[in-house]
Amino acid sequence: MEAERDTFRLKVMRYLEQEDLRTLTGFITGFKYDRVFLEIEGLPTEAVVEAQHLTNERELLLTDKFSAFIKNLGRPALLGEKWELELDRLDTEAMRIFCKPVFRTRKPRVREDEAGSRSERRRGRERRKK
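Just so it is clear: in the sequence shown, position 112 is 112 by the working numbering, and no numbers are missing.
Careful: at least some of the hints might be erroneous.
Computed list of lysine to any residue pairs in SDA-like fashion (alpha-carbon distance at most 20 Å, straight line) [to be verified]:
hint, residue 1, residue 2
1, 71, 27
2, 71, 101
3, 100, 57
4, 100, 14
5, 32, 65
Rather than coming from a laboratory, the hints here were simulated on the basis of the structure.
Turn these sequences into a full structure, and let the hints guide you.
Structural data, given as structure tokens:
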């Protein structure tokens with residue numbers, strides 16, 4: 001059974017290389033102190049994100065069996081959570097697919113009334129200079 005699983009994983013790794021897939025989506029399936037495991041969407045195989053891509057600490061803070069605090073996110077990650085991933089490397093000896101997370105940072109929204117008052121203040125300053 002293990003040999004069959006490894007053969008299948010190797011085929012998936014070859015597929016990723018041939019198709020030159022760099023971005024993936026995965027769902028968290030487990031945590032260890034030094035990594036997060038994710039099931040890759042659309043491919044029946046698992047990827048690994050190492051702790052070095054998630055925190056500047058040596059280990060992840062495992063709060064319980066269902067979550068781990070991710071310092072780069074600023075919050076706990078939960079089992080089943082969907083992450084965008086970037087392919088880091090394929091290790092054919094260890095039969096592992098290593099990825100990096102892609103965390104999108106949101107730009108703070110500027111309310112229209114604030115934006116309007118800012119532009120009005122700027123125009124006022126420009127008029128005073130003239």
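Okay, the hints, checked on the actual structure:
The suggested pairing of residue 71 with residue 27 holds, with an alpha-carbon distance near 19 Å, which does not exceed 20 Å. For the suggested pair residue 71 and residue 101, the alpha carbons sit about 13 Å apart, so the restraint of at most 20 Å is met. Distance hint between residue 100 and residue 57 is fulfilled; the C-alpha atoms sit about 16 Å from each other, no more than 20 Å. Annotation: proposed proximity of residue 100 to residue 14 holds, straight-line Cα distance about 19 Å (limit 20 Å).
Between residue 32 and residue 65 the alpha-carbon distance is near 9 Å, which keeps this suggested pair within the 20 Å criterion.
Comparing the model with each numbered hint stated earlier shows that all of them hold.
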